[in-house]
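Q: Taken in order, these protein sequences are the chains called S and X.
Numbered according to the numbering used here, the first sequence terminates at residue 309, and the numbering increases by one at each position without gaps.
Numbered according to the numbering used here, the second sequence terminates at residue 1003, and the numbering increases by one at each position without gaps.
Treat each hint with caution, since some may be false.
Claimed, not checked - SDA-like cross-link-like pairs, simulated, lysine to any residue; straight-line CA separation at most 20 Å:
(1) K118/S - I984/X
(2) K827/X - T35/S
(3) K827/X - R34/S
It is worth saying that the hints were derived from the structure and are not from the lab.
Chain by chain, the residues run as shown.
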Amino acid sequence: MTAADVRAGLDQGTDNGAGHERASLRHRLAERGIDRTLLLALPGVVAIIGLFFYPFLYGLQLSFQPKTGGFFGAYKAFFDDPYARGSIAKTFYLAIPASLINVGASVPISYRMRREFRGKRILLALLVVPITLGTVLTAEGLLEYLGPVGWFNKTLQWLHLTGGPAQLVNNYWGVLFSLVITGFPFAFLLTHAYLSGIHPSLEAAAATLGAGPWQRTRHITLPLLLPGLLTTFCLTFVLAFAVFPSAQLVGDPVGSTHVITIEAVHDALEEFNYPLGSAVAMVMTVLMLAVIGVAMGLRSRLYRGSTGGKG
Amino acid sequence: MSVLTQEPPAAAPESAPAPIPAPRGRSLIARPGTWLVWAVVAFFFVNLLGLIATVVLDSFGKTWFGGWLPQGWTTQWYSEAWSEFSLGQVLQATAEIVLLVLGISLAVGVPAAYALARRDFPGKRFVMLLFVLPIVVPPMAYGIPMATLLYKFHLAGTMSGVVAANLVPSIPFVVFTMTPFIEQIDPKLEAAARMCGAPTRTVFTRILAPLLLPGMLAAGILVLVRTFGMFELTFLTSGPTSQTLIVALYYAVFSAGIRAQQSIDAMAVIYTGSMLVLLLIALRFVNPTQLVARSADNRD
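Produce the entire structure from the sequences given, and follow the hints as far as they go.
A: Here it is as structure tokens:
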């Protein structure tokens, strides 16, 4: 469409082909918003194409050129190996519960925190801390805090809740905790932003018509919030799906948390099998896009009009 | 709606409209649901605090076997960590990488943001999509093909490879942070400057640059925080001499057992401390939600 428009403009300009028509062509293009200012965007576009799209397409074609096994050899190698193939299920088994917990907990909490109260800004600022600390530090802290002699287990035993130390790290649970610690603040801040974009007068109007608190939540706020929740779910899912450091450090990287990123890094950077590594990265991208596609498909069926708020 | 309300709306303070400040003292007689929510939030923060405190205390402790607190205090682990992990070199590499990424992404991103904010041209949606994708696709998915390509060009493990990889999420991030800042500057100011005879260069340096400075500061500090904490891309593309602090920390934790746990913790504290300083600076200039908000959410 872009190219066609430009070409149409060019054709009309060159038909006349004289000096002053050139100026008119420039004028016509400027009316459509094309002038020298656009050149400012060029370095950015070139950088993104060169650094993002080119490597990605290079990886895509590389994944179809394995040393053995023909065109689909790398993909066949991945799907034929039960250990490698199993990483897909393990990833979903971690990412889906983690994102459901994060989004699920965010809704009631941000619902209660819609009001202005003292220290709200500090609370929101504190929530940013675990996001910026990142998964590596969270993993390092969890190893000690949830470890057999860590404070958490000590407290459990002190309260006589467990007999011996509970095994909370170097397994599935450690990774799940790490995903909740880094993912929940992220989901909460997004949900909070969406919820504060819904104007309170809508609920007030429902209240004047006699709707109770539950009815107002169920029939007014929730339908307005749901598109935002699906977006939040997608973003937290992407974060959880690409989990690598915590699965490697607090998880059981050769067992229950052998997730797809570990498999990809192992193939590419440890075995130096670049076609296989790229193929796994492509499988990962496709799966992630599929989940996002489903969520966005659901989202398009929902109400997407004004929420009466600042958004 | 046919069902009668259980209570008059005025008696439901928790679900009352947001902008009205709650009356003092009312929260003490709140419902169990409110208490539960606050309990969950408190539980989250207590555990987070415990997690960070464990690392900090351990890094200052002589030994810590099983008790609630370490036995004796020392700062020897910091000097040990400094020499063992050659932290001086790591910190220097980190600073170089972060500043290069910051400079390049601002230099490339701000003009692009200006063009996108000021002009409405055919194919603008396509260009926008071009910038959205690197933010939405997780680093692991494009980092591996990128690492492969860097090997091909013999850039693997070099500083330029790491910088190039980190530019991918940073440039779109600058573009999307700066666009609203530029949109709110009245184009009439530029027009007025031109009427007074200012050439393009002067318009940029004397009119736009001072007005854009707060926005560039906000975008810059966010890029700084993100690049400093960016593990995946740096991990995939870095070599021994181009590791940032977070990657060095990962390798230290990954090979735990070779080194004393306390010196790993000392490194973790250095990382946490630098990150918190950056974060405090960042929070002076930006809203917390901006740190997580991505371009994809601006649609609603």
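Q: Each of the hints needs a verdict: does it hold here or not?
A: Here is what the structure says about each hint:
1. The hinted pair formed by K118/S and I984/X meets the criterion: a straight-line CA distance of about 19 Å does not exceed 20 Å.
2. Proposed proximity of K827/X and T35/S is supported: the alpha carbons are some 13 Å apart, at most 20 Å.
3. Distance restraint check for K827/X and R34/S: the Cα-Cα separation of roughly 15 Å lies within the 20 Å cut-off, and the hinted pair is therefore satisfied.
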